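The listed protein sequences derive, respectively, from chains A and B. FYI, our numbering numbers position 132 of the first sequence as 132, with every residue one higher than the one before it. FYI, our numbering numbers position 140 of the second sequence as 140, with every residue one higher than the one before it.
Hints listed in this document are in silico derivations from the structure and should not be mistaken for laboratory results. Some hints here could point you the wrong way.
[Said to hold, decoys possible] Taking lysine to any residue pairs in the SDA-like style, the calculated list, with each CA pair at most 25 angstroms apart, reads:
no.: 1; chain 1: A; residue 1: K39; chain 2: A; residue 2: A13
no.: 2; chain 1: A; residue 1: K167; chain 2: B; residue 2: N99
no.: 3; chain 1: A; residue 1: K10; chain 2: B; residue 2: E76
no.: 4; chain 1: B; residue 1: K35; chain 2: A; residue 2: F170
no.: 5; chain 1: A; residue 1: K167; chain 2: B; residue 2: V5
no.: 6; chain 1: A; residue 1: K10; chain 2: A; residue 2: R165
no.: 7; chain 1: B; residue 1: K35; chain 2: A; residue 2: Q140
no.: 8; chain 1: A; residue 1: K10; chain 2: B; residue 2: R86
no.: 9; chain 1: A; residue 1: K10; chain 2: B; residue 2: P20
no.: 10; chain 1: A; residue 1: K10; chain 2: B; residue 2: D89
no.: 11; chain 1: A; residue 1: K10; chain 2: B; residue 2: T209
no.: 12; chain 1: B; residue 1: K132; chain 2: B; residue 2: Q224
no.: 13; chain 1: A; residue 1: K167; chain 2: B; residue 2: D46
no.: 14; chain 1: B; residue 1: K117; chain 2: B; residue 2: N99
no.: 15; chain 1: A; residue 1: K66; chain 2: A; residue 2: G18
no.: 16; chain 1: B; residue 1: K35; chain 2: B; residue 2: I128
no.: 17; chain 1: A; residue 1: K167; chain 2: B; residue 2: H10
[Claimed, not checked] Here are some chain B residues the structure puts well away from chain A; computed CB gaps all over 12 angstroms:
no.: 18; residue: T11
no.: 19; residue: D28
no.: 20; residue: G79
Note that this is a predicted model, so its numbers are computed, not measured. Note that beta-carbon positions come from the ideal geometry of N, C-alpha and C, so glycine has one too.
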Amino acid sequence: MAQFRLQGSKVLAVDLSGDAVKAKNGAMVAYEGEMSFKKMTGGGDGLRGMVTRRLTGEQMEVMEVKGRGTCYFADRATEINLVTLRGETLYVESSNLLCTDAALRTGTSFTGLRGASQGTGLFTTTVEGSGQAAIMSDGQAVVLRVTPSTPLQVDPGAYIAHTGRLKQHFQSGVNFRTFIGEGSGEAFQIRFEGEGLVYVQPSERNTIGGDV
Amino acid sequence: MNGPVIHDAHTLPVDDNVNPYAFSVDLDGQWFLQKGKMIAYYGQIDFHGIGHGRLDRLIAHSFHSPLHAADWVVAEGRGKMLLADRSFDVNSFDLEDGNLTVRSGNLLAFQPSLSLKQSIVPGFLTLIGTGKFVAASNGPVVFVEPPIRVDPQALVGWADCPSPCHHYDHQYLTGVLGGVRAFTGIGGTSGEEHQFEFVGAGTVLLQSTEQLMAEIATGGVPQQAGVPSATPPNQPSMPRMPGQLGDLQRRFGL
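Looking at chain B on its own, in the form it has when it is part of the complex:
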């Protein structure tokens, strides 16, 4: 019986998976990563919390979503770095002058040549440009092409196609009796009445379970007329300055 494969600083793969759960980055320069996802590294690498004077220019270039900047870290230096997330499957994807929208909790790391923006869909982030990024999923990722309707819990993200719309499949829940059925559950509901519907050309990424990964906050959006916002307008929220870095509570870890 042979032991497991032993890796060292030279045999670790270059920007590729070590096993389905760990990804090795050959760092020479900078990468963005989600807080706390580095498990080990060789070489000289520094980790900076975002909101740093020296990194302001980089962040202005790659980050257009300053309100949640506190969840991201810049790794800077030379060496090999291993990334992993709670033993979920990790995969790398290459974008070539493209765009991809992904659930905020699933994105692990990306090259600064990509720029990260808040999606208009709450809880999702959009990456635009050319470069590599790493995303985690609960079980391997399945790629499908629209037109397709998907279960909300299985959706990881989508590339190049228009944002989805909601689809309700509840013909049998109409009328008075149907209303009673939907409201009380008497007669049974399938639990699959609501889907996301994708149309147009592109690729949809699905994970192979319906267990969601914990979301990370994507930050608030300016409270303006015409801006779809995650918080209903009648809920009290702390006033924010445009471009403010994180909420005060979060800055102080409360």
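Chain A with its partners taken away, still in its complex shape:
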């Protein structure tokens, strides 16, 4: 089993002993030992996955890293967060996914209006199974727990990932004031209900929703 650990907060070190991980193409910064890097066409989900990713706009450039030793990954000095999955599903934007254990299955799922509002498309990437994954955020991510009695509202531009059984709604506070240029700038939110964890970054991507 590949061992993920953080070296500082911006470099991911993965200890490999003959097994493999999937990582964002070109994210390797250094390695010790023997490693081989193989580009995986179409996100590494096979032919069907490749077609789905093309159709849904969730393309990821992924490579398979296999070998013995330690491999270091980093991407544009963004902060890295480790997520340990025990059979649950992680929903993450493909642009925020850095590395996953080879034992985890990746796929795509429909997110509905949330994606449309944050400009990342209508689909998102799912990671399922047991193992570790590393996700990236602009600034140290905040992990927020959602329980049935405490639903959470998140700005679409700050959302990066979530796990657990969560229902998402899209809520909007658009009213006539938005159209006379006196909107609140917080017109769109995603509301999470149920049981699970939501990862939020302390910065906002440019979204259509951010300006109204």
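For chain A, the structure is supplied; the task is to place chain B on it using the hints.
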């Protein structure tokens, strides 16, 4: 390897930082925040653009700078709210019957018990009263005491001391040869000939880089004789009514 700390609605700090880049507000009532700086919240919170009939009284009390009111939002309700700004460092400050002037782009949020006014220095805002406010900076904030001269790009704000004046350090640029040197750069200039000079008692806030944060407009000032204005008087500008809410273009997002 433990995962990151998991926060929920009860363990989020009360009016304190979650990490250097995110600040948690325990909201029960109202807060002012800059447009688009809320990243997540628990509970029942409404966001209103300013210029709202129902909030007129609050705004009249806390806002004395109506010309840029369109950049601010009132959060109203109960719950925990997280604020962040492009992963810059955020810090909260308490003012007790004091005054603090801050660069307009750095101010994120403040309690309505403070009142916000345009500073006489263009591009800066002054907060007066008692309460808490949140400001962002590019790198951690350093506090220093006057007398001090600071680099214009590193200045975040100042508290309790008189407004600064310009200081030019260019003895070596005098005379004909010095003029040629300043004008052409031949012989080299250090790039540090101009500073802000603070004197008197108080505190000066500096950020640890010289990279400025984008400024937000502070609005125009009445075009009267004796009022230092950001726009030189010979530049054409749209006529404004006193107390008018924002320029027409900005109201329509142009």
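Hint check, failures only: 2, 3, 6, 12, 18, 20
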